[in-house]
Amino acid sequence: MADRKIRVLVAKPGLDGHDRGAKVVSHALKEAGMEVIYTGLHQSVPGIVNQAIQEDVDVIGLSIMSGAHVPIMRKLMDLVRSREIGEKLVLIGGVIPQRDVPLLKELGVDGVFPGGSRFDEIVSFIKDKMKTN
Amino acid sequence: MGVATYIKDEKDAVKEVILQSGIKVKPVYTPDDLAAVGFDYKNDLGEPGEFPFTRSIHPLGYRSRNWTTRQYTGFGTPEQTNERFKLMIAHGQTGLNVAFDLPTQMGYDSDNPMSEGEVGRVGMAVDSLRDFEIAFKDIKLDRIGSGLTINAVASVMLAMYQSVAERFGYDKNKISATPQNDILKEMVGRGAWIYPVGPAVRLVGDTIEYAMKALPRCNPVSVCGYHIRESGCTPAQEISYAFMIAFAYIDNVVARGYRAEEFVGGFTFNLNIYGNLWETVAKFRAARKLWARLLRDRYGVKDKKALFLRGIFGGGGSGMTKQQPENNIMRGAYYALAAALSGAQTTALCSFDEAYTIPTERAALLSLRTFQILMDEIGLRDTVDPLAGSYFMETLTKQMEEKILEEMEKVKKVGGMVEAVASGYVQREVARQAYEYEKRLQDGAVTKVGVNKYTEGVDMEVELHEYNEDWAMLQIERLKKLKQERDKKAAGSSLKALEDAAREGSNVMPHLVECCKSLATVGEMADVFRNVFGEHREPSIF
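Sequences listed follow chains Z and B, in order.
In the working numbering, each residue carries its 1-based index in the first sequence increased by 310.
In the working numbering, each residue carries its 1-based index in the second sequence increased by 1380.
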């Protein structure tokens, strides 16, 4: 288990096509030694959850820029619970106003990384959480 | 992506400046520099309004005609968008630039499960001609031109615009619309694609061919270097990719038996402003010159007006920051200055709150005022191309020209833009550079005020545009009612005719106009294409 690379699914849910952030973070996580699977654009929430299960990832990271992060994460976290994959770390990045962070945490999102977050912050967050789990 | 690289010594003196396009800037320029790059007044500059149009496409620049201001506008329901249109026009805006919500951009009706949470969020929702009738009510469509920021279903929206104009009693020969209609750049940068590359480019060709014959004042395509630059490319690449994309569309229509001269005057460009001021101005001057020269040499275009590089040069969102958002007001003002010094015909600014969400009324008006102050107070209308003849600017313009041509060669080597996009070449190149830039920003190798320098003590709260979930309910109700009330047979048979045209390869535009007029929905028309063409699959870039 110690040698297994951390596996991350970077996902773009919904209709928003702005993927600069998702790709930049994917690059950074790869460079930090993680295995990254990028879903590509326009993914449905059930599709993302299925892929997370099939690929046996440790982390699901979503990038949302359109402002629809609350309805999307509500749907996703419901599925995470019903499919019993609560052990997977769920992160979100994108255009996320500060005022929405408490609500996202309440929904069960583990980490919120709005645009401009530092790579080392994201990387050490994931590594720390993986250690304690 | 935003700024040049500055190498300094221990006393903070700038030792080296390297622009993003890779050009080194010297501390002093003299006539020797012009000689070194082979600058020739007549060939490289010439008179404003004369080939190669480096200085301007108009002999008198802004003296003869002020620029058109077109803030990107639209949210919620068509009623709200119509109100905002009228407000901006009342405050002196001279063109429209319509923002559509994501379901509309992706060809889904408001009641489609895929649309959930997105109806009216980042633009206005449009399901049918009924919505356009509301959105454009009391707008003088023969006087005001409209940019339509739509790509995958641009053909549908151009047909919709013609239909609403005709419904209001305007002559279609007098209306002016500019659908963005640049699907290749969506595949590189903005992501609102639906159909595979081949049929998607064919739809662009259909709109160009149709506009050439039926909508003489419309510009059927606005080629967007803008979004590719937003995604991470350099200013030189922005122009080279835009030109290579434009060639792909031109070639599609030329293959139908037309001469480029007949239609290329309808091409416009949407290009980006942020980062280094000098590099930006040189970029636009080089682009005007190169476009005219390439059209002449590659396609034999002779008509002067068809050689003009016209377009919207807009302040880019990537220059704006979430941190210390009010700083973006100042950034916007400098971007607007760059637009004016570059001879933009049309311009728009991202508003200061757009790193968060679409702009409030106050933020949108501030952007408009920024343009008005430049033209009416600061003196940007006084003389055409005021930087012309500067040793530095003319040298840099020549160097940018070289860089743009170099990048075009790279795309030609991989088989042209359609191939470069289908294989993921451009996407990889752009994503790599975005990552490199982000790393340098985080390392502090490039400076962004309020982000990695001067970050202390200026916490600012901005008032944000609020999304209202009731808008989706209203829109879905209206759609339901439409489907009950419309003549089902008429809608059905126009959709069938559209499907036949899509399959046979004949121009879909006349059929789309019939579909719009018979109240078929955007989702129904887009689905016809989905069924016939299938959907695009992204090449893997990792």
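Please keep in mind that the hints were generated in silico from the structure rather than gathered at the bench.
The beta carbon of each residue, even a glycine, is placed where N, CA and C say it ideally should be.
Just so you know, not all the hints are guaranteed correct.
Claimed, not checked - Chain B is faced by these chain Z residues, among others (derived, beta-carbon under 7 Å):
| hint | residue |
| --- | --- |
| 1 | 329 |
| 2 | 334 |
| 3 | 350 |
| 4 | 381 |
| 5 | 407 |
| 6 | 411 |
| 7 | 412 |
| 8 | 418 |
| 9 | 426 |
Comparing the hints with the structure gives:
1. 329: holds (6 Å)
2. 334: Since the shortest Cβ distance to chain B is 5 Å, the answer is holds.
3. 350: holds (4 Å)
4. 381: holds (4 Å)
5. 407: Cβ of residue 407/Z sits 6 Å from chain B, so the hint holds.
6. 411: Hint on residue 411/Z: violated, closest Cβ of chain B at ~14 Å, above 7 Å.
7. 412: violated (16 Å)
8. 418: Violated. Min distance 18 Å.
9. 426: holds (6 Å)
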